[in-house]
Every structure is written in C-alpha cells, then in structure tokens.
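Use the sequences and the hints to build the structure in full.
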Amino acid sequence: MAQSKFQQQLDSVEEFERTPVPESHLKSAGSFLGMYAGEHTAGTEFVIGPLFVAHGVTAGDLVFGLLVGNLLAVLSWAFLTAPIAAKARMTLYYMLEKICGAKLTAVYNIVNALMFCFLAGSMIAVSATAVGIPFDLTMPTLNDWLPNSLGWIVAVVIIGAVTTVIAMLGYTQVARFAGIAAPWMILVFLAAAVSVLPELGVTSISDFWGVANAKIWTGVPLEGQGKFTFWHVMFFAWFCNMAMHIGMADLSILRYARKWQYGFTSAAGMYVGHYLAWIASGILYALFLMESNYSTEFAPGPVAFRAAGIAGALCVIVAGWTTANPTIYRAGLAIQSIRPQWKTWKVTMIVGIITTLAACFPALVMKLLDFVALYGLILMPMGAIILMDFYVLPKIGARSNYAEISGKSFNIAAAAAWLLTLAFSIFLNHWFGVEIFFLGLPGWFVAAGVYLAVSRLVQKPVQTKTA
Amino acid sequence: MPQFALKIVSWLGLVLTLVPSLLVFAGSLDFPTYKMLMLVGTVLWFAARPFSTAGGE
Numbered sequence: 001m002a003q004s005k006f007q008q009q010l011d012s013v014e015e016f017e018r019t020p021v022p023e024s025h026l027k028s029a030g031s032f033l034g035m036y037a038g039e040h041t042a043g044t045e046f047v048i049g050p051l052f053v054a055h056g057v058t059a060g061d062l063v064f065g066l067l068v069g070n071l072l073a074v075l076s077w078a079f080l081t082a083p084i085a086a087k088a089r090m091t092l093y094y095m096l097e098k099i100c101g102a103k104l105t106a107v108y109n110i111v112n113a114l115m116f117c118f119l120a121g122s123m124i125a126v127s128a129t130a131v132g133i134p135f136d137l138t139m140p141t142l143n144d145w146l147p148n149s150l151g152w153i154v155a156v157v158i159i160g161a162v163t164t165v166i167a168m169l170g171y172t173q174v175a176r177f178a179g180i181a182a183p184w185m186i187l188v189f190l191a192a193a194v195s196v197l198p199e200l201g202v203t204s205i206s207d208f209w210g211v212a213n214a215k216i217w218t219g220v221p222l223e224g225q226g227k228f229t230f231w232h233v234m235f236f237a238w239f240c241n242m243a244m245h246i247g248m249a250d251l252s253i254l255r256y257a258r259k260w261q262y263g264f265t266s267a268a269g270m271y272v273g274h275y276l277a278w279i280a281s282g283i284l285y286a287l288f289l290m291e292s293n294y295s296t297e298f299a300p301g302p303v304a305f306r307a308a309g310i311a312g313a314l315c316v317i318v319a320g321w322t323t324a325n326p327t328i329y330r331a332g333l334a335i336q337s338i339r340p341q342w343k344t345w346k347v348t349m350i351v352g353i354i355t356t357l358a359a360c361f362p363a364l365v366m367k368l369l370d371f372v373a374l375y376g377l378i379l380m381p382m383g384a385i386i387l388m389d390f391y392v393l394p395k396i397g398a399r400s401n402y403a404e405i406s407g408k409s410f411n412i413a414a415a416a417a418w419l420l421t422l423a424f425s426i427f428l429n430h431w432f433g434v435e436i437f438f439l440g441l442p443g444w445f446v447a448a449g450v451y452l453a454v455s456r457l458v459q460k461p462v463q464t465k466t467a
Numbered sequence: 001m002p003q004f005a006l007k008i009v010s011w012l013g014l015v016l017t018l019v020p021s022l023l024v025f026a027g028s029l030d031f032p033t034y035k036m037l038m039l040v041g042t043v044l045w046f047a048a049r050p051f052s053t054a055g056g057e
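The listed protein sequences derive, respectively, from chains A and B. Taken in order, the first sequence gives residues 1 to 467; the numbers are from this note's numbering. Taken in order, the second sequence gives residues 1 to 57; the numbers are from this note's numbering.
Hints listed in this document are in silico derivations from the structure and should not be mistaken for laboratory results. Check before you lean on any hint, since a few could be wrong.
[Unchecked claim] With a straight-line Cα cutoff of 30 angstroms, these simulated DSS-like cross-link-like pairs (lysine-lysine) come out:
1. K408(A) <-> K395(A)
2. K227(A) <-> K215(A)
3. K215(A) <-> K35(B)
4. K408(A) <-> K343(A)
5. K367(A) <-> K227(A)
6. K7(B) <-> K27(A)
Shown next, in the form of structure tokens:
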C-alpha cells in the first residue's frame, strides 16, 4: 500500500519537459532565494574556501576579487539567463533540440549529464567526510585519487542513496528541503568561523584585518600550489557557475520564475555562499593548518566538527546534499530529453547511481577547482549559441530554431561553434599557457561569432510548415 | 502545536545556532557549551521548521 502510494507520487511528478511551464506552476521569488542560497552554500564551499588559502591569495585580493566576480555572476544570471527563461519557459534541453537538432543535443546532453554527475559526486564525497567522523574513518588526503577504505565506500553509498531518493521526488521537494536547510546552514558557516577567531588571535573586530593578512590569507601559497591573484579570484567567482548562467543550464530552473528580474535572486547564492561561506571555510582551514602542522589531509567534515561540533559535521552533510540534489535533478533532465518517454524519477535514479559510483573517488574533491573550471568551459558554448539564436540571428537575416523549422537533426553551425571554441581554448592553454580560469571569456566570443557566421553561410530558405 | 508556536521554536533554533559563537568570540562562553547549544538549535530548527511552514508560505 505504502509502496503503491510512493509509486503514484513518483508518477505524478510533472516537470513540463516539452511544454512551456503554465502560469499556475510559476514560483515566487522566495522559492528562488531559498534555492540559490541553499544550492550555493554547499559542500564545495568547504573545499573552495580552503583552496584559496592554499593558493596564497592575499586578504585584499580575496575580498575585492569575490566582490567583483560574484557581481558579474549575478549580472550574468539576471541579464543573460533569466530573460530568455521567462520568455521561453522551456528547459535548456528542449531549447537546444529546437536550435541544434536531436542528434547534436543528445551528444551535448550526455556530456552535460556526466559533468553534473561528477559535480554532484564531489559533493556527496564531501558529505562522506562528515559521516565518517564517528566511525573514525581514514580521511582522504590531497594526493588521494582512489577510495582508501571500505568504510569510505559505505559512507558514500548511504549518502548517495538518500540524495537520489529526494531528487527522484522532483523539483518541488528539492526546493522545499533546500529552503528549510538554507538559513541554518548559512548561520553554521558563520558561527563556526566566528567561534575560532580568538584562537587565531582575533579578539576584537579591529584585529581581524591584520590577522587575516598575517595568518589566514597570507599571500604565500602552500608547497606545490600555484600563486593566485585578484584576477584568479575574480574570474573563478564569475565562472565557477558558468555552465549555469552563461551556459544557460539554469533556463531549466528559472523557467518557473514569474518575472525575469528573479535572476537577481542568484545574489543570495553568490554573496552568502560564494562570499561569506568561502571566507568562513578559509578561516577554518587556516586554523586546521596551524594545528595540524600543515597536514595534507583534506577532509571538510573533521574541520567543521572541530569548529562547531556535531552541528558543524551535520552542516557539511546537509550542504553537500542540498547542492547534489538539484545537480542530480538537472542531470536527470538532460538524459530524459534524449528519451522523453522515460519517467523522470527512473532517469533520476539511474543518474543517482552513476553519481554515487563517481563519488567513491576522492580525486573529484582534490581536483575540484580544475574540474569546476573545465565543466563550465565545456558547456558554455551552447549558452552563447542560445543567446545568439534568441536575439541576434533574426536580425542578420537568419532563422532562430533552425533545426526545428528545417527538420534537421544536426545543426552544423552549432556543432562548429562548440568544437571550434573548445579547440581555441585548448590552443590558448597549450601554446600560450593561459590558465583554465581565464579561457571562458575569449571562448564565449568565439562561440558567438562562429555560430552567427556559419549560420549565415549554411542556412537555406525554409518553407514554413503548414498544418 | 499551533503554527505560531512552531515558528517561535524554529526561530529560537536559529538564535541558538548563531548567538553562542558570538559569546565565544566575546569570551563569555566556553567552547563545549557553545557546541552543545548549537546542536540544540539545530534540533529545534529541523524539528519545528517543516511544520511551521506546512501548507506553504
């Protein structure tokens, strides 16, 4: 009986994969505030904040780099993603199908889903470092790539299973859970950092800046880590969610927004999660480094437990969970758009299993900075293509949604834009040594330019289909 | 329990999550007590919040 009810609930999940979201299902700004604040106050924040410390950022570069980079990210959501989402009200995947054709979209969706699985996997792995504390689990170090114990695998599988079941219940359940957890998580991050400040030598607010420069963000990278500047911080803050804003993945989320201005609610995620939480986790890591004599162990769970007890460890678990949830949901949508007849919950379950398997490998956490930058870069060109298709193509005498109106399953212009952008990025990286964090900006212009030029060349006059 | 009471309990949970850390910073509270109060705050928040918003906001 209970099982049949559960099945009924799963089958009733309606996500409007191939139709515009109707007026009755639009969500309030509060729903997006909770979603963004929860999603970007995540398990990864316990990794990224410490990595800035490890890369020798100065306090000034961190504070101002994050200020500018996060502002650019919010503006990208508000002025690039949200207006298209509120007009079209379709998932990224359905829009791509109309523009790029079914075959090219299928390739993109597989790449996209895999990236989402790896990202969600890294968050589950972060949560596992907290679950392992009472069992005295051997924690991974910066050099670990493979699972180091059976206990680690068991912890990952338990968290992966719970996360997957919640994601299977659909966006409403995900948003509700994130909304409940978000205010508490933010306060735990803040409280943990404030409570350890006296141990770092900060006993009044006026002490903070001096200690921040002398003991936390010292400007000196750890051994084996490259030096980060203002520009690294700014571009990382802007592009770490490049796939979501410039890459348009959040069309799938923001299509539920009543107004395009809800894109500005992303500021809740940026200035709480990617500002306060990165600063807070950096403070916690600086204390850990001092107390552990600069150990290579890299486990957010024990670091948070040291600063905030059981609540801190729970925060790491929940923070990983609330980001892994929507990420698995997005991956499920990507796969489902290849086979629309599949049930959303069944696809999400398969994606959750792949994610859990990936999470068993600590390499996902240790190489997170590089992975996040790579994932944004690979998916970004399709965002440039959508933007050009939506606004610019009709103005230069070409047609939007060319694959749909011409009946083609493979839009050569979109494929050329995607591949040439990635080839151009590899060229800049390999021959000119441009770091991965800086490739997204020139890459966007290449993608937009190539798509417009090739579309103008290859598009033929199309007979409008009649009923 | 009425919704209003549940809201008060959930807000108390958030207060207990943050305020003890400020007292530690000010030197007025020891570390073990701070951790215990934070855990109590966590339990209150998650016990009361889902029901205080039942039916949606």
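The hints, checked one at a time:
Among the hinted pairs, K408(A) with K395(A) is consistent with the structure: their alpha-carbon atoms are about 22 angstroms apart, no more than 30 angstroms. Distance check on the hinted pair: K227(A) and K215(A) sit about 16 angstroms apart at the alpha-carbon level, within 30 angstroms; holds. Among the hinted pairs, K215(A) with K35(B) is consistent with the structure: their alpha-carbon atoms are about 24 angstroms apart, no more than 30 angstroms. The hinted pair formed by K408(A) and K343(A) meets the criterion: a straight-line CA distance of about 26 angstroms does not exceed 30 angstroms.
Distance check on the hinted pair: K367(A) and K227(A) sit about 16 angstroms apart at the alpha-carbon level, within 30 angstroms; holds. Simply put, K7(B) and K27(A) have alpha-carbon atoms about 23 angstroms apart, close enough for the 30 angstroms limit, and the pair holds.
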